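*Asks:* Single-letter residue listing:
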Amino acid sequence: MTTAQDDIKAPAAVPTAPERTGRRGARLGNQLAAFGSAVWRPLIVLAVIGLVWWFVTAREMVERYLVPTPGSVFEVMWEDRSMLAEHTYVTLYETVIGFLLAALIGIGSAVLIVYSKTAERSLYPIILFAQVIPKIAIAPILIVWFGTGLSPKIILAVLIAFFPVVVSGVAGLRDTDPELLDLSATMGASRWSVFVKVRFPGALPQLMAGLKVAVTLAVVGAVVGEFVGASEGLGYILLLASGNLNSALLFADLILMSAIGVVLFVVIEVAESLLIPWHASRREGSSVTMATT
Amino acid sequence: MPQLEKKKAAATDAAATASIDIRDVTCTFTTKRSRTTAVDGVSMRIEPGEFVSILGPSGCGKSTLLKMIAGLVLPTTGQVGLLGRQVKGPQRNIGFAFQRAALLQWRGARKNILLQAEMRGMDKRTAARRADELIELTGLAGFEDALPHELSGGMQQRVALCRALLHEPPVLLLDEPFGALDALTREHLNVELNRIWRETGTTIVLVTHSISEAIYLGTRVEVMSARPGRIIETMPVDLPRERDYGKVMSAPEFETLAAHIRTLLSGSH
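Taken in order, these protein sequences are the chains called A and B.
Residues in the first sequence are numbered consecutively from 1, following the working numbering.
Residues in the second sequence are numbered consecutively from 294, following the working numbering.
Just so you know, these hints were derived from the structure itself, not from any lab.
As the structure is a computational prediction, the values presented were derived from the model and not from experiment.
Among these hints, one or two may not hold up.
Only part of the chain B face toward chain A is listed, based on derived beta-carbon distances under 8 Å [said to hold, decoys possible]: (1) Ala395; (2) Glu411; (3) Ile428.
Below, computed lysine-lysine pairings styled on BS3-like, alpha-carbon distance capped at 27 Å [claimed, not checked]: (4) B:Lys417 with A:Lys197; (5) B:Lys325 with A:Lys117; (6) B:Lys325 with B:Lys381.
Far from chain A, some chain B residues (derived; all Cβ distances over 12 Å) [what the hints assert, rightly or not]: (7) Leu466; (8) Thr527; (9) Ala544.
For glycine and all other residues, C-beta sits at the position ideal for the given N, C-alpha and C.
Can you make the complete structure from the sequences, with help from the hints?
*Replies:* Given below as structure tokens:
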């Protein structure tokens, strides 16, 4: 018995307890450093583009009404801030509601497809096929059916964002370790507890990847909906500005649209790091190598 | 406490009858293109407290045999009895561990072990106490909160073993649990498993590729042929229950058995 006790201590290459807590304490610092190192290169690229933009317009190499100066764009943003904020809010609202509905319906369908053979055979092919229909072409129909209010934009956002959620959800749920399912069976586990404790958490990494794609697509859906028929929202303002050849407003509008996408994307990223800190894609380099030792 | 009584009744039942009773079992898998017979005419009786090592070449149906005992795969013909009852579906009276630890990546070691309790709806305090005992027994103390990716392969297998033992199953089924480990860690875990077996009195069936592991751990070694898997020889291991690793490896009984098994297996290819 005593020899066995000695044997237990033998395996090396395992982190000792204090080492682990130390790493956890340093996590925030590491994350900031990782953020910094991830961001500085794109920032330089952006700065270069900005500089070229400024140079081209300052020298009037292109007509002012085609490409506004950076200064005039920010001036418009500032002067029309209350109007722009209002319309940004409308587009943001459509996008977020559309995304949430897409996530909800998408995850629900994925669960249905994975758990029911009938649903898989009847629903999944149609969902895949429906992807061929150019959703932008549906926008006019939606306007005819639902008028020019918010609902057609939300529906369009849902339709566009739904697909990546379903596909990633199905892939994630199917990815469950078959041995874990066997094991659960010998534990007499109910289907519900297997879903809650094993399958769904295991599907989260793939699902989150799908949600990130979906949120950027939801913005597209909302804006396209506004293009086709609306009296508010950034898409509507974009059309107005285009009609008036107001390029400064056009650019300002475009920047705000992109900002919506970026902010929502970052929100999902943060949610991901909170939900699946254990996943390889969310770990710092040090602990990934730790897993291989 | 009707559950406890039931447990006791099952235990006395098990004492009267064999732990595992496999009768002329055949298992055939049919796919669109082919039919493969994984297990062919296997019979085996395992008494309570025995440690049976099943040894054979890859793909000889050893794992299928184990899954049939667990009720995860049903035999095409023949019958499997577990603790005096015929196996007709997934069994709950067993512990199961695989070659891959199959841990939940998002749970720490202790919580992975406690999955067994949660799924079974075991009493929380009993489960917690039992988990602490097992963590102590397998040397996982200090790693209770470590996530699987922070643990070495050997440590992960210890967690899987604890999870399989949490509910004190009368029968433990092990499907090459140490197959992916380095030789040294494997030896350590073999020694531990021998101790756990002696201390708990669990009936253990171990599927393995390793001749020395099979002999060191087993009270009996069943050698299977290549597909379709048949039992080609049953060999009792005439060694005391408490075994010193070094001594067993150099014992003359060990060498004779190992040499014999080697000729058997090379003949079956």
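*Asks:* Kindly indicate which numbered hints from before are broken by the structure, ordering the numbers from low to high.
*Replies:* Those not satisfied are hints 3, 7.
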